[in-house]
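Colleague: Each chain, written out:
Protein chains: 2
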Amino acid sequence: MGIVVQKYGGSSLADADAIKRVARRIVEVKKSGHDVVVAVSAMGDTTDDLLDLAAAVTPLPPARELDMLQSAGERISMALVAMAINDLGFTARSFTGSQAGVITDAQHGKAKIIDVTPGRVTQAIGEGHIVIVAGFQGVSQTTKEITTLGRGGSDTTAVALAAALDADVCEIYTDVDGVFTADPRIVPNARKLDKVSYEEMLELAACGAKILHLRCVEYGRRYDIPIHVRSSFSQLEGTWVSNDPKPGQEETTMEQPIIAGVAHDRSEAKITVVGVPDKVGEAARIFEALADAQINLDMIVQNISAAATSLTDISFTLPRTDGQTAMTALARIQGEVGYDKLLYDDKIGKVSLIGAGMRSHPGITSKFFGALASAGVNIGMISTSEIRISVVVDEASVDDAVRATHTAFDLDADEVEAVVYGGTGR
Amino acid sequence: MGIVVQKYGGSSLADADAIKRVARRIVEVKKSGHDVVVAVSAMGDTTDDLLDLAAAVTPLPPARELDMLQSAGERISMALVAMAINDLGFTARSFTGSQAGVITDAQHGKAKIIDVTPGRVTQAIGEGHIVIVAGFQGVSQTTKEITTLGRGGSDTTAVALAAALDADVCEIYTDVDGVFTADPRIVPNARKLDKVSYEEMLELAACGAKILHLRCVEYGRRYDIPIHVRSSFSQLEGTWVSNDPKPGQEETTMEQPIIAGVAHDRSEAKITVVGVPDKVGEAARIFEALADAQINLDMIVQNISAAATSLTDISFTLPRTDGQTAMTALARIQGEVGYDKLLYDDKIGKVSLIGAGMRSHPGITSKFFGALASAGVNIGMISTSEIRISVVVDEASVDDAVRATHTAFDLDADEVEAVVYGGTGR
Numbered sequence: 001m002g003i004v005v006q007k008y009g010g011s012s013l014a015d016a017d018a019i020k021r022v023a024r025r026i027v028e029v030k031k032s033g034h035d036v037v038v039a040v041s042a043m044g045d046t047t048d049d050l051l052d053l054a055a056a057v058t059p060l061p062p063a064r065e066l067d068m069l070q071s072a073g074e075r076i077s078m079a080l081v082a083m084a085i086n087d088l089g090f091t092a093r094s095f096t097g098s099q100a101g102v103i104t105d106a107q108h109g110k111a112k113i114i115d116v117t118p119g120r121v122t123q124a125i126g127e128g129h130i131v132i133v134a135g136f137q138g139v140s141q142t143t144k145e146i147t148t149l150g151r152g153g154s155d156t157t158a159v160a161l162a163a164a165l166d167a168d169v170c171e172i173y174t175d176v177d178g179v180f181t182a183d184p185r186i187v188p189n190a191r192k193l194d195k196v197s198y199e200e201m202l203e204l205a206a207c208g209a210k211i212l213h214l215r216c217v218e219y220g221r222r223y224d225i226p227i228h229v230r231s232s233f234s235q236l237e238g239t240w241v242s243n244d245p246k247p248g249q250e251e252t253t254m255e256q257p258i259i260a261g262v263a264h265d266r267s268e269a270k271i272t273v274v275g276v277p278d279k280v281g282e283a284a285r286i287f288e289a290l291a292d293a294q295i296n297l298d299m300i301v302q303n304i305s306a307a308a309t310s311l312t313d314i315s316f317t318l319p320r321t322d323g324q325t326a327m328t329a330l331a332r333i334q335g336e337v338g339y340d341k342l343l344y345d346d347k348i349g350k351v352s353l354i355g356a357g358m359r360s361h362p363g364i365t366s367k368f369f370g371a372l373a374s375a376g377v378n379i380g381m382i383s384t385s386e387i388r389i390s391v392v393v394d395e396a397s398v399d400d401a402v403r404a405t406h407t408a409f410d411l412d413a414d415e416v417e418a419v420v421y422g423g424t425g426r
Numbered sequence: 001m002g003i004v005v006q007k008y009g010g011s012s013l014a015d016a017d018a019i020k021r022v023a024r025r026i027v028e029v030k031k032s033g034h035d036v037v038v039a040v041s042a043m044g045d046t047t048d049d050l051l052d053l054a055a056a057v058t059p060l061p062p063a064r065e066l067d068m069l070q071s072a073g074e075r076i077s078m079a080l081v082a083m084a085i086n087d088l089g090f091t092a093r094s095f096t097g098s099q100a101g102v103i104t105d106a107q108h109g110k111a112k113i114i115d116v117t118p119g120r121v122t123q124a125i126g127e128g129h130i131v132i133v134a135g136f137q138g139v140s141q142t143t144k145e146i147t148t149l150g151r152g153g154s155d156t157t158a159v160a161l162a163a164a165l166d167a168d169v170c171e172i173y174t175d176v177d178g179v180f181t182a183d184p185r186i187v188p189n190a191r192k193l194d195k196v197s198y199e200e201m202l203e204l205a206a207c208g209a210k211i212l213h214l215r216c217v218e219y220g221r222r223y224d225i226p227i228h229v230r231s232s233f234s235q236l237e238g239t240w241v242s243n244d245p246k247p248g249q250e251e252t253t254m255e256q257p258i259i260a261g262v263a264h265d266r267s268e269a270k271i272t273v274v275g276v277p278d279k280v281g282e283a284a285r286i287f288e289a290l291a292d293a294q295i296n297l298d299m300i301v302q303n304i305s306a307a308a309t310s311l312t313d314i315s316f317t318l319p320r321t322d323g324q325t326a327m328t329a330l331a332r333i334q335g336e337v338g339y340d341k342l343l344y345d346d347k348i349g350k351v352s353l354i355g356a357g358m359r360s361h362p363g364i365t366s367k368f369f370g371a372l373a374s375a376g377v378n379i380g381m382i383s384t385s386e387i388r389i390s391v392v393v394d395e396a397s398v399d400d401a402v403r404a405t406h407t408a409f410d411l412d413a414d415e416v417e418a419v420v421y422g423g424t425g426r
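Taken in order, these protein sequences are the chains called A and B. For the first sequence, the tail end lands on 426 under the UniProt record's numbering, and the numbers increase by one without skipping. For the second sequence, the tail end lands on 426 under the UniProt record's numbering, and the numbers increase by one without skipping.
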């Protein structure tokens with residue numbers, strides 16, 4: 001039997017009772033003959049509490065010290081999980097990210113994993129121990145400093161360990177039953193997906209589905225690690241993310257649904273640069289300024305210029321948290337570029353339809369837009385990939401748009417399946 | 001200007017405001033031209049909270065994981081102190097015990113420092129940074145595991161760093177103004193000592209004065225590091241522990257007081273083994289059994305055997321927390337040794353008179369015992385060293401005994417000097 005890597009988030013480790021429940025679950029897997037390596041997040045609100053403390057000390061904490069501070073959170077949860085396992089008659093060893101060989105670059109607060117050298121982990125496995133590893137943290141290769149991986153970090157730790165240990169599966173435990181065809185808080189009869197491809201999951205994650213972070217899925221795809229997303233509050237099968245058929249099942253491509261799901265995102269804002277001279281290099285100058293300000297753009301639309309004026313409008317979406325920075329960067333180049341004015345709108349939302357099957361099925365776009373029209377939803381911007389169509393709509397129309405699309409593509413389940421428990425960020 | 005090492009305890013780091021106050025104090029020293037290295041304990045009740053969590057998970061946490069858990073406490077406080085220093089326009093780098101090169105043996109929960117290799121600390125000092133080090137923790141030389149140093153650990157970290165860095169002074173910040181001639185909660189007009197020798201401080205610490213731990217003083221004496229015990233809540237000079245005259249003062253041996261202070265201890269119990277056959281080897285068998293049970297004895301008294309019976313009684317004191325273990329170990333050898341019965345008394349207290357001057361001054365003992373008699377205090381057991389006389393009395397008589405002794409040796413100050421703020425264990 002091979003190695004099973006599991007990851008438990010903060011909501012699964014909220015208190016001593018939750019930790020004991022997680023320990024029982026881990027021990028069951030060990031009993032079934034697998035070696036088990038577990039990545040853990042900080043307990044419940046620990047990270048928020050630590051960040052509150054930092055904010056009370058200084059408005060501008062140095063990134064190095066912020067990482068040192070936050071890394072204490074997983075140290076607490078991993079030691080407690082190891083103790084709880086010990087209490088059940090099994091032995092466990094906890095390791096910090098550094099001890100587990102999670103080597104990162106030196107970007108504090110959003111470090112990237114560049115190598116995993118799990119010598120102490122494999123030794124502990126060889127000695128028969130269950131291994132608990134601090135998620136979300138590592139040590140920088142050049143400076144030997146403690147780093148944290150940023151959002152989705154613990155998931156990424158788990159998948160990276162699974163790849164380094166050549167594990168059979170990476171189980172991501174969360175507070176929902178798996179990946180759904182839409183957010184069950186908006187669409188109560190959304191269906192849980194049994195299986196989704198890495199490609200679809202990447203688009204879902206990029207388009208606002210919060211269940212798995214982009215980096216984790218990218219890592220899984222690169223190293224071909226099957227990811228099983230499931231609830232720590234039930235024994236149900238969750239959603240398998242992989243390019244292979246679900247273990248134990250035949251390939252089911254023939255019956256594969258065209259659409260995997262409908263994602264939505266309310267975290268973006270839209271900026272329109274009005275009256276840009278339609279000359280070579282003007283648009284480039286605008287996007288150069290935004291890149292210099294370290295802003296990641298999402299959708300970009302340039303109108304065809306009105307022939308009479310030779311002026312054009314350029315619109316783009318970006319994270320709302322970057323809105324102020326982007327407006328400042330653009331205001332600074334107004335004289336140079338000579339545009340007319342800037343419009344800022346943060347009352348928008350993005351709705352995306354995702355499915356690998358749409359590649360070969362014409363008519364998806366018209367059906368999508370028809371559903372939106374029937375629901376009285378106005379489309380602002382449009383962008384597409386091979387397996388995705390996204391539209392920007394009024395923030396107030398997002399729920400209606402998601403529901404109408406979900407129904408139009410026959411994604412509704414016969415009865416309500418979903419249970420939503422809460423949510424964590426890490 | 002040389003290196004100043006400081007140590008701040010948990011009560012000096014209780015919350016964000018306290019941390020900011022400590023940061024201002026650290027920065028003042030840096031401004032005066034010194035390099036500063038600071039050892040910190042965990043904030044306020046953090047350690048107790050973590051231990052409560054562990055107790056909620058399992059009644060018997062493995063020592064390795066308990067150390068991993070507890071070490072998170074200093075990680076939090078050190079990062080926050082570094083942030084607060086940064087907020088004042090200075091740069092600070094925090095280091096875990098392991099990063100700072102605090103190398104220990106592998107005894108989890110009570111590890112001993114066997115080496116300090118502060119390469120990263122000296123490098124950071126060289127780069128102009130203030131250095132914050134996690135107290136109370138290290139890394140084991142052989143197993144590379146996180147260890148904690150047990151009681152008094154953060155003080156010991158500070159003195160060990162001071163020795164390794166060849167610091168000018170090790171300042172131990174606490175919640176009282178220094179070392180007093182007696183516990184100010186019992187003797188309100190106890191006087192703060194300006195200076196005390198290592199030898200006297202060792203006896204004071206061993207006899208119940210909780211202000212500095214024995215190990216810290218031993219370390220200071222071995223490496224001749226002047227220790228300045230002072231309050232983090234005031235700017236007053238505290239007490240210098242060293243064998244040299246206080247810096248800036250002439251040697252004052254001629255005027256050195258005979259008595260440094262009166263210490264008391266309510267943490268011990270007394271066991272009497274009644275009716276031990278007065279034969280060679282019987283006492284040895286008793287103490288062997290206690291040693292096997294890892295029990296540290298304090299005072300030991302054996303009565304002269306009654307000639308008629310050839311039986312003797314052996315009494316000794318030990319930490320109350322070891323009482324049950326000792327009684328069990330002794331009960332197990334009753335058949336072998338053939339003693340009559342065991343008596344257990346935990347309603348005792350120890351009062352000690354300490355002073356390097358008593359070596360050369362006869363009459364100290366009679367004056368001490370006379371004071372106790374006048375106060376109506378009955379003496380149970382007696383033990384002496386060159387610079388100390390200790391007596392065991394009824395627990396209820398301890399306060400009277402301390403006050404009577406303090407007055408008899410003219411230690412009372414003209415007015416009340418002491419302010420006591422609270423207390424921490426670490």
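I should point out that these hints are in silico values taken from the structure, not numbers from a laboratory. Using N, Cα and C, we set each Cβ at its ideal position, and we do this for glycine too. Each hint should be verified, as a subset may be incorrect.
[Unchecked claim] DSBU-like, lysine-lysine: derived pairs with alpha carbons at most 30 angstroms apart:
1) K367(B) x K144(A)
2) K210(B) x K112(B)
3) K20(A) x K210(A)
4) K110(A) x K31(A)
5) K367(B) x K347(B)
6) K31(A) x K112(A)
7) K20(B) x K110(A)
8) K144(A) x K30(A)
9) K144(B) x K110(A)
10) K20(A) x K30(A)
11) K112(B) x K144(A)
12) K30(B) x K144(A)
13) K110(B) x K20(A)
14) K210(B) x K144(A)
15) K195(A) x K144(A)
16) K367(B) x K210(B)
17) K20(A) x K144(B)
18) K144(A) x K347(B)
19) K30(A) x K144(B)
[To be verified] Looking from chain A toward chain B, a few residues come up when the C-beta cut is under 10 angstroms (computed):
20) I19
21) L60
22) M68
23) L69
24) G73
25) A79
26) R120
27) T122
28) I146
29) D340
30) Y344
Colleague: Determine which of the earlier numbered hints do not hold for this structure and return their numbers in increasing order.
Modeller: Result: hints 1, 4, 6, 8, 14, 15, 18, 27, 29 and 30 break, sorted rising.
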